[in-house]
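2 protein chains.
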Amino acid sequence: MRAAVRRGRALFCEEIQDPPLGAGQVRVKTLACGICGSDLHALHYFDRMAEMSRRTSGSSSFDPNKDCVFGHEFSAEILEFGPATEGKLKSGTRVVSVPSATNAAGGLEIVGYSNLLPGGFAERMVLNEALLVEVPNGLASHVAALTEPFAVGAHAVAKAHAEPGSPCLVVGCGPVGLAVIAALKARGHGPVIAADFSPRRRAAAEAMGADVIVDPAKENPHGQWAVFSVPATMFQARMMNAAGQPTKRPIIFECVGAPGVLQSILDGAPVGAKIVVAGVCMETDSFEPFLAINKELEMTFVLAYSGEEFAATLHDIAEGRINAEALITSRVGLNEVPQAFERLANPEADVKILVEPWR
Amino acid sequence: MRAAVRRGRALFCEEIQDPPLGAGQVRVKTLACGICGSDLHALHYFDRMAEMSRRTSGSSSFDPNKDCVFGHEFSAEILEFGPATEGKLKSGTRVVSVPSATNAAGGLEIVGYSNLLPGGFAERMVLNEALLVEVPNGLASHVAALTEPFAVGAHAVAKAHAEPGSPCLVVGCGPVGLAVIAALKARGHGPVIAADFSPRRRAAAEAMGADVIVDPAKENPHGQWAVFSVPATMFQARMMNAAGQPTKRPIIFECVGAPGVLQSILDGAPVGAKIVVAGVCMETDSFEPFLAINKELEMTFVLAYSGEEFAATLHDIAEGRINAEALITSRVGLNEVPQAFERLANPEADVKILVEPWR
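The listed protein sequences correspond, in order, to chains A and B. Reminder that position 241 of the first sequence reads as 241 in this note's numbering, one-by-one numbering, no gaps. Reminder that position 124 of the second sequence reads as 1124 in this note's numbering, one-by-one numbering, no gaps.
Simulated from the structure, these hints should not be mistaken for laboratory data. Here a beta-carbon is modelled for each residue, glycine too, at the ideal position from N, C-alpha and C. Hints should not be assumed to be uniformly reliable.
[Stated by the list, open to error] Partial list, derived from the structure: chain B residues whose beta carbon lies under 8 Å from chain A:
1) S1053
2) S1286
3) A1292
4) E1296
5) L1297
6) M1299
7) L1303
[As the list claims (entries may be wrong)] Pair ranges (Cβ atoms, derived):
8) G1244(B) to K66(A): 32 to 40 Å
9) E1342(B) to F197(A): 48 to 56 Å
10) L40(A) to E1051(B): 35 to 43 Å
11) A1243(B) to A23(A): 17 to 25 Å
12) V1227(B) to T329(A): 51 to 59 Å
13) P83(A) to P1216(B): 47 to 55 Å
14) V1227(B) to D47(A): 32 to 40 Å
[Said to hold, decoys possible] Some, not all, of what chain B presents toward chain A, calculated at C-beta under 10 Å:
15) T1233
16) D1267
17) A1278
18) C1281
19) E1288
20) P1289
21) F1301
22) V1302
23) N1323
24) A1326
The task is simple: from the sequences and hints, build the whole structure.
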C-alpha cells in the first residue's frame, strides 16, 4: 500500500507492506487523518521524543532510526477481521479509535509513532477491534477524524475542574488551544479569553466560540482579569469575599509549549490561578518558582485523554456542540504530505490539514 | 528597647524606639522567637525578596535599604492595650499571632519583615488584638513560639488533599520538611518517607514520626515507591486497577527550595504524582516540562497558612499531636543572634534556634 514514510528527517511517499492482523484486530481503510503539531516536532526531534518516553515510562521498543508512518488523528472504514474478533461492527462501518494497538508480540504500540504499525498517513491501518467507536450517521468522515485533537481539549478541560463561571484564559490558539476553547464552550464554561499573535488563529478562536480575543502584541492578555472581576492579589480576594462578592478560581491553559511561555504566565497570573499545561514543550524551560509560591499557583500537566473522553468528544462533534469542521483549512492526498508539513510551519497559512490517502 | 536590627547585610544589637500603639493594637513582651530559613535568606537577598513581593502583590511600602527587625515565629505576653481595644484577654496573658499587623496609616505589615513594626528579635512588639490566640495552660512559651513554622506544614498538607493511605515523600528535612512530616502524622496520613543528606536532620525526621528515612547519598528516595506499591507508569496503574489492586495518588513535598530539586523530583516521580512545593526557591530554576507532561504531574505551590490552620496547629502542639519541642536545638539571647544566624548555615549544628530577648 502507499504511505508517507518518515525516514531520517524527511518524508517519502512510497509502497510499504501491510502488517499482519493479530488476535482481536481489524484492517481498516484510512478515510482521513489530521497532521498534528507533534508530527511536525517528531519529524525533526524524534530522538528526543523517544528518549523522553523511555525516561518517563521505562523501556520502549521504539527506534527513531527505523521507518515510521505518522498519523494518529484518523477516521477509517472496516475492511477485514483478524482472528478472535467479535465482528459486532460490520465490514464497511466507519470508525474512529484512540491511536493505540497491540503488536504481534502483544506489546502496546502508539499508532502513528510505531515502527511496526503504520499510522493514518497510509492507505490502510491495523487497529484493535475493542477500541473502535462507530462514527454516527450524518457526521462526515473527514470531520470525524478530528475526534482525537478535540479529545485532547476535552481532557485538559476535565483536568481543570472549572467551577461554573470560572474565567478561563487560553494562551495560544493552535490546534490544542482551539480544542480547549471548543471543549470549554461545549461544557458551558467561561467566559473564555483567547490569546494568539496570529490573526488567522485569532479568527479560528472566534469560530470556536471564544468570548474575548486578544492580540498579545497589542494588549496584555492578563489585563482581562480585571474586566472579569478576578482579584489580582490575596488581599483583594479577601476584601471581595468580605464584601460578599463571589470570586471564582481563574484558569489558564498553556497551549503553546515553547520555552518562556510558562514564566510569562506566572508573571501575569492572578493569585490562586490554576494553570493547565497542555502545550508540549520538548526543551528545558526556566521559571521563577518564587512567583508561583507567592501567588499560590497550581500547575497541572496534562497528556492525551481517556477512552470515555474520546468517545464523548466524537458525540460532541456529531451533535454540533463542537464545530470541528471550522478547524480544517486544507485536505490533501498522500503525495502532498511533505509540502503540507512545510506549510504548517507558518501559522497564517493553515490551521488543520487533513490527509486523505485515497485521493 | 533592645533589638537585633538588620542593616545592610549584617545584624546589630542595639536600642530602638517602641512604635506607637494604633487602634485595636496591643503591646506585647516577646517571650520567644524562632529563626526561620527565610530570615537567613533575607539577611543576604532582601532586595530580591522585596522586588519579588512587589511583582506578585503590586505596590509595597517596604524598603530593604531601611532598618528592619526580623522575627515572625513568636510567642508573647500582653503588656499594654492601645485605643479601641476590647481587652477580652487580660494583661499578662500569653499569646501567639499570625505575623501580620496594621501600621499607623492603616496598611498591612508583615511583622518580622517591616520597616515600621519590629519583629520578635526585639524585647517588645506591637500586634493586632483581633489576631491574638491564647496559649493554652501547660504549653511552655518557647514551644508555643513554634506554632508559626508548624502551621506552614499544616497548610502544605491541607493543600495536598491526601487520600487516606496516600504514600508521601518529603524531600528535605529542614524546618519546613519537618513541619510537613509532623502535620502528616498529626492528621494520620502516610506512610511518610523522609529524605535528607544530613544525619542531624534525618534524626529530626525520625523524631517527627517519619515512617521511612532515606539518605539520598546512599539510596534514591524514589526507590521507595515500589515498596509501597505505587505504580511507576500509567500502564502499571491500569494493570493494578484492572486487578482490583487499589492505588493511591502519591504525594511529594518539595521542602528544599534550591534550583535543580524540582527537576530531580520530576525525574523520579511516579506517574500522576502530586508535588506540593513548600520550599522557597528565590532563584530562577529550570526543568523539563516534558517529564511533567508525560507523567501528568501536578505542582501546587504553597505559601503561609490561614488563621484557622494557625490556631489548629497551636492546639496540635498543646495536645501532643505534634512534638514541637524536638525541633529546638538552642535557646539564645539577643546578643547571640548574629552568631546564631551563622550557625544555622550548617545543617549539622542546629535545627531550630529560639531567641529569647529577655535573656
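Could one say that the CB atoms of E1342(B) and F197(A) fall in the range 48 to 56 Å?
-> Since E1342(B) and F197(A) have Cβ atoms about 51 Å apart, the given range 48 to 56 Å holds.
Hint status (Cβ of L1297(B) to nearest Cβ of chain A, threshold 8 Å) | holds (5 Å)
Interface hint compliance - E1288(B) to chain A, C-beta minimum distance less than 10 Å = holds (5 Å)
Distance restraint evaluation - L40(A), E1051(B), Cβ atoms, bounds 35 to 43 Å | holds (39 Å)
If you take the shortest Cβ to Cβ gap from L1303(B) to chain A, is it below 8 Å?
-> Interface hint status for L1303(B): holds (5 Å vs cutoff 8 Å).
Hint check: is the beta carbon of A1326(B) less than 10 Å from a beta carbon of chain A?
-> violated (27 Å)
Are P1289(B) and chain A close enough, Cβ to Cβ, to be under 10 Å, as the hint says?
-> holds (4 Å)
Chain A contact restraint on E1296(B) - CB to CB distance below 8 Å = holds (5 Å)
Grab the minimum C-beta distance from M1299(B) to chain A and call the hint holds if it beats 8 Å, violated otherwise.
-> Cβ of M1299(B) sits 5 Å from chain A, so the hint holds.
Holds or violated: C1281(B) as interface residue toward chain A, Cβ cutoff 10 Å?
-> holds (4 Å)
Interface restraint verdict for S1053(B) against chain A (beta-carbon cut-off 8 Å) = Since chain A brings a Cβ to about 7 Å from S1053(B), closer than 8 Å, the hint holds.
Status of the hint placing A1292(B) at chain A (closest C-beta pair under 8 Å) | With a minimum Cβ separation of about 4 Å from chain A (threshold 8 Å), the hint on A1292(B) holds.
Figure legend: structure checked against the earlier numbered hints; hints not met, in rising order: 23 and 24.
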